[in-house]
Amino acid sequence: MNPFTPLFLLLGGSLASLLADQLLERVGAARWRGCLAACILAAALMLFTWEAYLGVSVAEFRLIGPESPLTASLKLDYLSLYISIIFCGLGLAACIYSIKYLELESETGVDRYYLLLLTLIAGLVGVTLADDFFTLYVFWELMALSSYSLVAFRKWSWEAVEAGFKYLVMSTMGSLAVLLGIAVLYGIAGSLRFDILAQSIPSGGPAALLALALIIVGFGVTAAAVPFHSWLPDAHPAAPTPISAILSGIVIKAGAYAMLWSLFKLFTPTVYGFGVVLIAFGILTMSFANIVVVMQGDIKRFLAYSSIANMGYIITGMGIAAYILRSYPSMVGAAALALTGALLHILNHALGKGLSFLCAGCYILRQGSREISELEGIGAEMPATTASFGIGLLNLAGVPPLSGFWSKFFIVSAGLGIPSDGLLLTTTLIFILNSVLAAGYYLWLLQRIAFKRRGEADPAAGEAPALMLAPVIALAAACILITITISPVLEFIRAVLGVLLG
Amino acid sequence: MNIYELYFGASIILIVLGLYAIASKRNLVRIVLGLEIITLGVNLSIITMGVRVLGGSYKVDALAQGMVAISMAIGAAVAALALSMAINIYRHYGTFDIRKLRRLRW
Amino acid sequence: MNAWEILAWACWITPLIGALLTPLLARLGQRARDYGAVLFSLLAMIMTLLLLPLLFSGVELPLLSRFTWVILPSAPILGRIEAGLMLDPLSVIMANVVSIVSFLIMLYSIGYMHGDPGLTRYWFFMNFFIANMLLLVLADNLILMLVGWEGVGLCSYALIGYWYQDSREGWLRYWVGEPPEAYPPSHCGMKAFMVTRFGDLLMIAGILMIAVLAKTVSFHELQAAGESMPEPIKPLLPIALILILGGAIGKSAQLPLMEWLPDAMAGPSSVSALIHAATMVKAGVYLVARMFPIVLAWSFATPSVLGFFYAVMWIGALTAFISASQAVVSTELKKVLAYSTVSQIGYMMMALGAGGLAAGMIQGYVGSLFHLMNHAVFKAALFLAAGSVIHACGSRFLRDMGGLRRYAPITFWSMLLAALALMGLPPFGGFWSKDLVLAATLSAGEYAVFAIGIATAILTAFYSVRMIGLVFYGSPRSGAEAREAPKIMWIPYLILASLSLVIGLAAPLLEHGLEEVFAEHFSGLMTTRETAPTLLTPIASITALAAGAIPAYLLYVRGAWGPGRMAPGGGLIEGLRRLLLRRYYINAFYYRALAEPSLRLARLLLRGFEHPVIEGFNLALSAGVRRASDLVRRLHSGLLNHYVIGIILGALIIIAWILLGGVQP
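Taken in sequence, the protein lines are chains A, B and C. The opening residue of the first sequence carries number 1 in my numbering; numbering runs sequentially from there. The opening residue of the second sequence carries number 1 in my numbering; numbering runs sequentially from there. The opening residue of the third sequence carries number 1 in my numbering; numbering runs sequentially from there.
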């Protein structure tokens with residue numbers, strides 16, 4: 001079996017899903033639209049998990065011959081597997097959730113929805129599997145275009161259209177920055193395969209530095225680093241809720257992954273000291289976002305800003321690792337610890353934020369409003385949803401023993417691993433302060449939703465529909481499962497680090 | 001000034017023009033145009049990087065040509081999406097003026 | 001992981017799952033919830049019973065089972081978090097005692113608590129308790145044991161204060177004590193929590209000390225660490241051990257932390273039976289028994305740690321006597337049993353201490369453990385039957401009971417059997433274990449302690465017969481219509497009472513078996529018991545029994561005295577009675593000298609410091625954050641051009657930084 005089957009499955013499956021949905025609509029079984037998409041996603045997830053279980057080593061796939069300059073290559077290694085599993089898993093949960101959600105929200109254009117969803121996931125998976133920069137760019141654009149369409153999906157709503165346009169403009173600027181960086185790299189190396197690039201870059205001089213800057217800027221736009229983040233608080237609330245979950249949970253992680261991969265693989269951290277830049281932007285991102293969250297009244301905007309803050313944590317973790325590798329080349333253990341924290345946080349945030357958005361969707365559907373002040377106390381009427389919501393928020397807040405605590409703890413202990421360094425110390429201090437503030441507002445949100453007393457008991461109140469509840473509970477169970485079996489997860493991440501750091 | 005610097009300079013000028021357009025124009029369509037101008041500039045830079053001197057004449061590397069072809073297609077798709085969104089905005093807001101699109105703030 | 005380890009992990013996880021499932025089962029209906037909860041405790045019992053063959057199977061003990069949670073070697077702290085269970089004779093026997101008694105009490109609860117509105121909470125905490133108690137006895141290191149320890153403390157608090165509504169109408173059934181020491185259930189729960197907390201603090205300090213000094217907290221490794229202790233820390237070891245003993249004193253209600261147990265009788269009788277007679281209060285004894293081989297191993301290099309055993313022995317002996325004396329005049333049925341529990345645990349501590357001092361006499365160890373088993377059985381029976389009696393008479397006071405022999409024969413016989421076991425009448429189990437305890441003190445050469453033990457035995461016999469006489473003989477003083485308990489209630493305690501007789505009949509075999517098992521387990525540390533059994537102890541204990549029982553029989557059974565009636569002897573007897581009734585004024589002292597000043601100080605701090613300073617700071621902080629947030633969010637003006645300018649600026653900064661800032665070497 002070709003190791004890259006899941007990717008082809010997703011690509012082909014999107015078209016198949018479109019046809020199947022049209023067929024179902026003709027036949028009159030419109031409620032089953034999206035089931036094929038869910039099955040395809042489940043299949044992709046299982047295939048990836050199977051490959052991870054088998055312990056795949058690097059696999060490569062080249063389109064159009066090995067040495068032709070037009071070659072496009074794909075690779076499969078532990079990092080790709082790790083990220084792809086997260087992407088497919090959350091995508092599957094959102095897909096199942098969508099089946100009922102779209103029906104209840106009376107959305108139009110549902111047949112195109114699953115096509116776009118599958119191409120989005122295909123693009124995301126393709127980004128992780130790409131072995132040369134242009135392939136990465138093509139899949140990146142596939143992902144971006146699908147996400148623009150999905151954000152602006154509700155054509156009848158002014159909010160979606162406005163947010164979609166702004167998202168498109170800003171995200172395209174980022175993609176173009178990346179493309180310019182690719183151009184410069186191409187000029188330096190003559191080919192865009194990652195291994196060739198990694199060898200040629202050190203001799204690139206100032207051009208390589210320009211490429212580095214452009215890559216950080218370009219991927220930073222999608223990864224929602226401040227000051228490139230302004231599209232996020234508008235785009236995530238405007239999208240349909242399962243898409244918000246995917247956007248917050250995995251699309252912005254694709255930015256982080258791309259940054260991680262291109263920075264650590266191409267521009268070896270021991271030579272290029274980009275760690276300081278990442279740390280600076282990471283701190284700026286998390287501080288800015290954490291301060292602005294507090295006054296948000298719309299629950300989805302609240303969660304969107306906190307996504308920005310969490311990306312700040314991930315970027316800071318990456319920055320700490322790069323900085324340690326540059327300034328203290330012997331302390332590889334501390335750098336590995338910081339990267340472990342960042343990678344684990346990718347997983348935790350995807351789970352926790354995806355879960356939070358899906359639960360918020362349940363509440364919004366029940367109440368008909370996105371304002372937190374109107375959602376207060378609704379948690380008591382929907383116990384299963386609220387229990388999962390609580391688990392997700394506690395995971396994000398970093399409450400021990402949940403795994404969210406561990407990811408932040410690893411980054412902090414890596415930062416404290418070299419006590420004499422002033423920059424690391426300050427960074428860690430700011431990180432801790434931000435985590436405390438974040439824990440504060442997550443618990444505040446949880447308290448308002450779950451524990452405040454409502455005036456009258458709503459007669460229409462009741463638990464969320466089963467098809468929406470099932471992915472929510474599954475994600476909550478995954479949070480708990482990862483907490484218990486954190487040891488195997490850390491082992492896997494150790495293998496991933498081997499790929500990144502060599 | 002060799003050919004690389006010439007064309008690369010041209011692409012930088014295009015990019016700066018495009019950025020200026022996005023940053024300061026208030027008509028939606030002009031903003032999309034700015035985006036397209038940036039795309040143009042970046043594509044030009046890719047071609048520039050692919051220029052190889054062969055004897056007395058210049059040839060562009062096949063990889064660069066392939067990349068630009070695909071990039072242009074992607075650019076077209078983006079433009080199409082952007083313009084369709086602009087039309088939708090017109091339906092909602094009645095204008096292409098971006099200063100009216102301030103309902104999502106803070 | 002082999003089958004034994006799976007059983008060990010499963011037997012405490014099962015009641016935990018049962019506790020978590022209780023709210024869900026409650027959705028399905030009351031019967032589903034009730035029987036479901038009991039089912040989980042039944043499963044736990046079956047699993048612990050299945051562990052018994054391990055002791056005879058020839059597998060090398062202790063069997064350790066480790067589960068790793070986090071391993072990250074490069075993390076400066078918390079890099080390695082593991083949990084482990086240990087299966088050895090002590091843990092397996094304790095686990096069985098806990099689970100068997102728990103199951104029978106759960107069965108009893110179905111009838112006893114029937115119709116109570118808060119039953120979901122009850123079942124949750126009962127199952128949670130069983131899980132934590134099993135974790136406590138199976139844990140292989142001090143920290144994990146501490147987790148179980150705290151868990152049972154929480155359940156105890158919740159279950160003592162179960163009827164937290166503190167209804168005044170239910171004073172006769174739900175409260176405890178008489179004025180001026182009458183307490184409502186919620187207060188009793190808090191009191192139990194606070195007093196044991198104090199002991200727990202000492203214990204945590206002790207555990208930390210040991211962790212730092214010995215660099216390990218695992219029981220297995222602690223035993224081996226004795227040889228490699230560096231010299232300077234040796235004087236600190238006894239201090240750490242005494243601190244740990246503090247926890248045991250608190251949890252087992254020994255002197256001076258014993259005041260919470262009599263007032264814990266405000267909880268339901270099933271709770272009293274389970275937590276405060278059979279299992280949780282034994283946790284302190286378990287802890288001392290766990291530390292027993294460790295202290296012995298350390299004593300080869302550091303003889304001063306033997307002070308630990310002195311402390312244990314004397315505290316146990318004094319507690320036993322003082323508590324038994326208080327039981328003699330008590331006016332409430334459950335309080336008699338509570339004081340009796342404290343006293344009997346004193347016996348167990350006494351035996352452990354004496355065993356340790358006698359250069360490793362296994363007699364003391366086995367005697368304590370055997371007495372623990374016996375006591376769990378007959379005391380649980382007594383409490384369950386007492387619950388039935390109180391239910392029948394509608395009041396907890398002995399003055400409202402009487403003559404129940406006619407109306408509740410099964411309860412009568414069960415209580416009689418259990419009381420005879422408590423007194424130590426042969427051939428009941430209590431006789432054999434008490435015999436071992438006293439023999440251990442003799443072997444250690446501690447004659448003063450032996451005398452205290454004998455004196456306590458006299459008092460024990462006295463109050464037991466007094467209790468039986470007041471409840472079952474004489475004319476009925478209760479206004480309510482007394483009748484026998486329903487079947488689901490008397491089956492458990494009849495089983496337990498008969499069990500105490502059966503254990504007694506099989507006692508010589510059991511004793512021998514226990515000694516075999518432990519002698520093999522502790523080979524190298526202890527010598528086996530002397531093979532010269534002395535007749536002094538059985539004769540002394542039977543004499544003591546007669547000396548106590550006969551006067552009580554004459555007074556309360558034949559003479560049908562009421563509980564408050566005193567022999568003519570004037571003011572001296574009256575004063576003695578009041579002293580004992582007011583618990584030697586120790587309780588009043590604690591309230592006056594410790595509780596009230598603390599409360600006053602707390603109120604002062606609340607008004608003077610918390611409200612102005614800390615509240616003010618909190619409000620200022622949150623207001624400040626909101627202001628900052630309001631300011632910063634204005635950056636999102638809504639105009640796309642502004643956002644784009646932001647991107648361009650950011651990009652320029654990054655490009656300039658990287659190109660000019662020496663990012664490259």
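Calculated from the structure, these hints are not laboratory results. Warning: the hint list may mix true and false statements.
Each pair of labels, with its calculated beta carbon distance range [as the list claims (entries may be wrong)]:
{"#": "1", "chain 1": "A", "residue 1": "Leu423", "chain 2": "C", "residue 2": "Arg27", "range": "49 to 57 Å"}
{"#": "2", "chain 1": "A", "residue 1": "Ser203", "chain 2": "C", "residue 2": "Leu660", "range": "35 to 43 Å"}
{"#": "3", "chain 1": "C", "residue 1": "Ala620", "chain 2": "B", "residue 2": "Arg105", "range": "45 to 53 Å"}
The list that follows gives simulated cross-link-like pairs (lysine to any residue, SDA-like), each with its CA atoms no further than 20 Å apart [what the hints assert, rightly or not]:
{"#": "4", "chain 1": "A", "residue 1": "Lys155", "chain 2": "B", "residue 2": "Ala80"}
{"#": "5", "chain 1": "A", "residue 1": "Lys155", "chain 2": "B", "residue 2": "Leu40"}
{"#": "6", "chain 1": "C", "residue 1": "Lys234", "chain 2": "C", "residue 2": "Phe193"}
{"#": "7", "chain 1": "B", "residue 1": "Lys100", "chain 2": "A", "residue 2": "Glu381"}
{"#": "8", "chain 1": "A", "residue 1": "Lys452", "chain 2": "A", "residue 2": "Asp298"}
{"#": "9", "chain 1": "A", "residue 1": "Lys155", "chain 2": "B", "residue 2": "Arg103"}
{"#": "10", "chain 1": "B", "residue 1": "Lys100", "chain 2": "A", "residue 2": "Ser157"}
Keep in mind that this is a model prediction, so the values were computed, not measured. We treat Cβ as the ideally placed atom computed from N, Cα and C, and that holds for glycine.
Could you check the structure against the hints above and give me the numbers of any it violates, in ascending order? Violated: hints 2, 3, 5, 6, 7.
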